[in-house]
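Sequences and hints are given; from them, build the entire structure.
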Amino acid sequence: MKTVGRGAGLLTRNVAQQLFGLMFPPVCAGCEKHVAQPGSLCGQCWSKVRFIEKPYCPVLGIPFSHDLGAEILSAEAIAEPPPFRHARSVAVHEGVIRDMVHRLKYNDRTDLGPWMAGWMQRAGGELLDDCDIIVPVPLHAWRFWFRRFNQSAELARHLARSSGKIFDPDALKRTKQTKQQVGLGLKERVINVRGAFKVPVAQEIKVRGRNVLLIDDVYTTGATVKAASRALLRGGAANVDVLTFGRVLSKELSR
Numbered sequence: 197m198k199t200v201g202r203g204a205g206l207l208t209r210n211v212a213q214q215l216f217g218l219m220f221p222p223v224c225a226g227c228e229k230h231v232a233q234p235g236s237l238c239g240q241c242w243s244k245v246r247f248i249e250k251p252y253c254p255v256l257g258i259p260f261s262h263d264l265g266a267e268i269l270s271a272e273a274i275a276e277p278p279p280f281r282h283a284r285s286v287a288v289h290e291g292v293i294r295d296m297v298h299r300l301k302y303n304d305r306t307d308l309g310p311w312m313a314g315w316m317q318r319a320g321g322e323l324l325d326d327c328d329i330i331v332p333v334p335l336h337a338w339r340f341w342f343r344r345f346n347q348s349a350e351l352a353r354h355l356a357r358s359s360g361k362i363f364d365p366d367a368l369k370r371t372k373q374t375k376q377q378v379g380l381g382l383k384e385r386v387i388n389v390r391g392a393f394k395v396p397v398a399q400e401i402k403v404r405g406r407n408v409l410l411i412d413d414v415y416t417t418g419a420t421v422k423a424a425s426r427a428l429l430r431g432g433a434a435n436v437d438v439l440t441f442g443r444v445l446s447k448e449l450s451r
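Heads up, my numbering is the position in the sequence shown plus 196, with the first residue counted as 1.
Source of the hints: derived by calculation from the structure; they are not laboratory data.
Bear in mind that the values here come from a model prediction, so they are computed numbers and not experimental data.
Even for Gly, the Cβ is constructed at its ideal location relative to N, Cα and C.
Keep in mind that a hint or two might mislead.
Claimed, not checked - Simulated restraints, written as ranges between beta carbons of each label pair:
1. Gly360 with Thr306: 37 to 47 Å
2. Cys227 with Lys372: 37 to 47 Å
3. Glu267 with Asp328: 39 to 49 Å
4. Gly239 with Arg344: 33 to 43 Å
5. Pro222 with Val397: 41 to 51 Å
6. Lys244 with Asp307: 15 to 25 Å
7. Glu272 with Pro221: 36 to 46 Å
8. Lys229 with Gly360: 33 to 43 Å
9. Asp326 with Thr371: 21 to 31 Å
This is the structure:
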C-alpha cells in the first residue's frame, strides 16, 4: 500500500509540473524567449556571456588574456593583498548576467536563484569543497525590513542545499546602515563599509576555526567583501573565501 501511495504521489507531482509548464512555459533568463528548461538561456544570450575561466589570478580570480603560470598573481592582488584567500565569480557583470542579478535583486525573481547558484557551484567548486560554512553578505536590518529579501542569502541558501554545506545567515551582521554602493567611487565605497560588519559574540562559535565561504551577488571593487571578510576573521574564522555570481572588471568599472 505504501508503494502504491508513493507512486500516486509521484504521478500527482508529475502531472502538476506538466500543467505548470503548460501554463507558465520556461523562458530565457536573459531575453525571455521560450526555452526548454527553466532558468536557462537561449543560444543567442548564452553566446554573449563572458564566463570567467582559467587562466585567472589564483587570488582575485581576475581573468588573464593568456596563461602566465599557475602562481602568477594579478597586479591588483600584489598591490593590495585582500583579507580573503581566494575570490571566484561566474561571469563578467554585463548584459544578461547583469540582468539576471537585477531581476533576482529588484524584481523578486527568486526562481532564478537555484539556477544562478548552480552556475556558482561550478565556478567555485574548489572553494565549496574546502569550506565548513556558507555565510551571505548581510543587509542592514532596516534595509532588509524595507526590501524583505536578501539576494545574497538566497544564492547562499541554494548553494548550501546543493552542496550539503552548513548555511548560516546569522553568523555575520551588518551593524552600520550604509549608503547604496552604486554610484560611489572606490575610496567612497571603502569608507562606506568600514566597520559595517560584525560577528555577534553569540555567533562566534559558528565561525571560530572554520573555513568560511562568503557569498555575494556581485564583486565590484571588493570593498564590501573585504570588509565582511575582515569581520569574519576578527570573529575567529580560520580563512575566508569569496564566491559571487557577477564580477565587474576594472575596465568595465572605469566606464
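Each hint, compared with the structure:
Restraint check, Gly360 to Thr306: a C-beta distance of roughly 22 Å breaks the suggested window 37 to 47 Å. A beta carbon spacing of about 38 Å between Cys227 and Lys372 agrees with the range 37 to 47 Å that was offered as a hint. Between Glu267 and Asp328 the C-beta distance comes to about 26 Å, which lies outside the given range of 39 to 49 Å. Checked against the hint of 33 to 43 Å, the pair Gly239 and Arg344 passes, with Cβ atoms roughly 36 Å apart.
For Pro222 and Val397, the hinted distance range of 41 to 51 Å is satisfied, since their beta carbons lie about 46 Å from each other. Under the hint 15 to 25 Å, the C-beta atoms of Lys244 and Asp307, about 21 Å apart, fit the expected range. Taking the beta carbon of each, Glu272 and Pro221 are about 44 Å apart, inside 36 to 46 Å as hinted. About 34 Å separates the C-beta atoms of Lys229 and Gly360, a value consistent with the hinted range of 33 to 43 Å.
In this structure, Asp326 and Thr371 meet the distance hint of 21 to 31 Å, their C-beta atoms being roughly 28 Å apart.
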